[in-house]
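**Q** Residue numbers (UniProt numbering), protein chains in the order written: chain U, 1 to 468; chain S, 1 to 468.
Because the hints were derived from the structure by calculation, they are not lab data.
Please note: incorrect hints may appear among the correct ones.
Copies of the same chain are indistinguishable here, so a pair counts whether it falls within one copy or spans any two.
[Unchecked claim] Derived pair list, reagent style DSBU-like, types lysine-lysine, alpha-carbon separation capped at 35 Å:
1) Lys301 / Lys391
2) Lys449 / Lys392
3) Lys50 / Lys283
4) Lys414 / Lys215
5) Lys80 / Lys121
6) Lys391 / Lys162
7) Lys391 / Lys50
8) Lys449 / Lys50
9) Lys162 / Lys301
10) Lys162 / Lys215
Every value quoted in this text rests on a predicted model; they were computed, and no experiment measured them.
There are 2 protein chains.
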Amino acid sequence: MNLHTREHADGSASLGKAETIASDTPASERIAIVGGGLAGSMLTLALAQKGYAVDLYERQPDPRTQGGRAGRSINLGLSKRGMQALEMVGLLQTVLDTAVVMSGRVIHAPDGSTRYQPYGKDASEVLHSIDRNQLGHLLLDHAERHPQVRLHFGHRLAQVDKAARTVEFETAQGRVVAHPQWMVGADGAFSSARRELQRGERANYHQEYLEWGYKELTLAPGADGQSVIELTALHVWPRSHCLFVSHPNRDGSHTLTLFLPFEGEDSFATVRTPEEITALISKYFPDLVRLLPGLIEEWMKHPVGSLITTRTAPWTFGDWAVLVGDACHAVYPFYGQGMNSAFEDCCTLVSALSANQGDTAAAFHAYEQARRQHTDVLCELSKENFVELRKKVQSPWFVARKRLDIALNRLWPKRWLPLYSMIAHTTMPYGEARARARQQDAILLGSAKALAAVAVCGVAAAAWWWLR
Amino acid sequence: MNLHTREHADGSASLGKAETIASDTPASERIAIVGGGLAGSMLTLALAQKGYAVDLYERQPDPRTQGGRAGRSINLGLSKRGMQALEMVGLLQTVLDTAVVMSGRVIHAPDGSTRYQPYGKDASEVLHSIDRNQLGHLLLDHAERHPQVRLHFGHRLAQVDKAARTVEFETAQGRVVAHPQWMVGADGAFSSARRELQRGERANYHQEYLEWGYKELTLAPGADGQSVIELTALHVWPRSHCLFVSHPNRDGSHTLTLFLPFEGEDSFATVRTPEEITALISKYFPDLVRLLPGLIEEWMKHPVGSLITTRTAPWTFGDWAVLVGDACHAVYPFYGQGMNSAFEDCCTLVSALSANQGDTAAAFHAYEQARRQHTDVLCELSKENFVELRKKVQSPWFVARKRLDIALNRLWPKRWLPLYSMIAHTTMPYGEARARARQQDAILLGSAKALAAVAVCGVAAAAWWWLR
């Protein structure tokens, strides 16, 4: 049976039928996906729809049965690359129905004044604020309903034997060994799959933590149930020493994320008591204090998160294994591309498998060639955007440049694209987007110089005429 | 009992006395050193001489009982920083007595011609070729004879519990738990101590493999027992596609190291049969073919080594643990500073402990502050020197620049120091050495521009005079 050429299976098949079909596929022709986060469950669904029989293994218990907001609850900005993947699995409209549009950023200055920066040239170029957990549950629901899929929770990856092509898991009932046709590591920044697969390889690996952590807080709706700040926007309170970012929710609340250094003056190390917390918020965000009545309680309850960026190579291991998402390129969240790029990995991998039917090694190789150079660029862009969000968004030069970029983009929609638009609103590879943005920068600089020269000549001519 | 202020213990104490004294020290006041390579055994000896009671744990069996050339056998170029550490433990002269002086590099061109580049301005600025294993055995012998030291071979680090301050080892007889006062990770580039100590920390880590591997061969002495090439030099056969480097031995032989890409045309992947091996050497090193009668046999017997460079942070963990040597900064061997920098770590750590008696955390912190920024620079310098060794040493510009550097150094021995001299012949921190070299580069460039301007003016003046 050639799994690669199977017909698209209908995701809405009944559970009974699902079990029958799934157990039809010999274990050695099934695909093992390690990690049931967003990338893993997206890829499970996408591969199943392409005719593969997929086993999804997740270390944690089923998040849908955990109640409350299990896992990381940070909201996400869905943009073009992520939408493309949701489109592929037929879930885009379902997700958009639960999302809040963010048409731009509202920048809050220390004096309480605000300024709006649109995300694109028109209403088609917006982001969508979605709840990470809700999206995860939706993908798992649809994967579970697919007849070609089996979900295995409480399975912790213990060992991969590349030569024997086995994957071993620890479960509450003891060790389980799978013999899949091939496997995918989709188990996040601290990927055990990567560790196991890269053992004995000349693997490059870079990991770096941001010296800032984050804490999540909630900006509740007003007594009238309406959002107390503009709903359909991402809000930023940029300060050089700390930073608040908020994503809107459909109930009128906003999920606030405070980014603050771990060490030093005004840091997570020094701000611990209720007095210190209130003092910090009053000092940097006076307009927010009265809007956060539950500040102290939430601060005490929520952990401080840390932020890691990683790069690695190789991502692929012959015809036996491949890495996707954070497992091969975790990025800082400041470009809003973590989930979007992980979902784009899934699209690229599925395309590569279709284009190289019957030659899995070639498909994996093509995937890594197409992707890695670009996610390496995304790592850098995401680092740089931390500085942009904290400092540059307040600079008049930066604001003027943003406006000029958007004006030029409206004038020549296909020939002039701001970097942010290329990253968020197209699927142009990240590296190409950066190269094109640099060309545009050079053109602007050249034009500015030419304008300056013309101005100097004009002044000289005027002076000559006047003196004459 | 304050270990920090004990008298210097005499390394030559009898074994009986040693055991008595060693068992005097309570376990909780002993120091655990993980890794019995060069850095670990150097530090064991140095700390014991400062009055500490030290347990050295090594995963492998005692190398001195293994016979033959166990472990990595690559020769090493001992320079100033390493000599300083050997001086500290009183072994410098013993080591120099077994070494061969290398006063410079002999560059072998493809046509068989040679060119000599001195390592420094005079006979005091030379390297010493030493046998890695012989040095390791010497350090272990002296450590073992020290009454304050216990050596534990066949002890593989299994786990470190930072909170409980315990170190757990696997041995052939089962698990052993140590409760030292503090511990040192000196277990090399693939350090298990680093892995255990950085668990749960926001640790940065970078590892990168060179796309080239290496293989060791021997250039035997001639029938008369004399070296067939200049003995007291390091020899380099630079080719852009591959590279031979040789270190002399006291018996007139040279240890040759061939660096070659892993993949592609003329690589370790394609050169496998006796014919392919002979063809490779004939193509790139025609002058070496007749000198290597045992080529095929050695090639088949010796494994292909790989080369890794790593950077990480933190190196220190409160008052409980510290990393030294390759465990925190493995470098490519192309600047000849791997062992030298590891030994310099030992000197810096011992100094920091002396300067912060009674405050181990402060000592560790001072050590990391003094060292890490500089070994990060060494990583970069070692990478850059790979290009220098392969390509630049043949360039007339490079040779002219080297000569000018040495001439200026002879003219102003204290004010003008070539980068190589600062790295190899001084203990100036690596970062300072690089900054000073960059200043000198800027001065040379400025002078060249000024000279060019003077020349242009001269030509113009001459032309004016002539035309007049």
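**Q** Determine for every hint whether it applies to the structure shown.
**A** A quick look at each hint next to the structure:
1. Lys301 / Lys391: Intra 30 Å, inter 60 Å, cutoff 35 Å: intra-copy only.
2. Lys449 / Lys392: Answer is within; shortest intra-copy Cα gap is 23 Å, inter-copy 38 Å.
3. Lys50 / Lys283: Neither: 55 Å inside a copy, 51 Å across copies.
4. Lys414 / Lys215: Classified as neither; 40 Å inside a copy, 54 Å across copies.
5. Lys80 / Lys121: Classified as within; 15 Å inside a copy, 63 Å across copies.
6. Lys391 / Lys162: Classified as neither; 47 Å inside a copy, 38 Å across copies.
7. Lys391 / Lys50: The answer is neither: 46 Å in one copy and 51 Å across copies each exceed 35 Å.
8. Lys449 / Lys50: So Lys449 and Lys50 fail the 35 Å test inside a copy (54 Å) and across (66 Å) alike.
9. Lys162 / Lys301: between (43 Å within a copy, 26 Å between copies)
10. Lys162 / Lys215: between (40 Å within a copy, 26 Å between copies)
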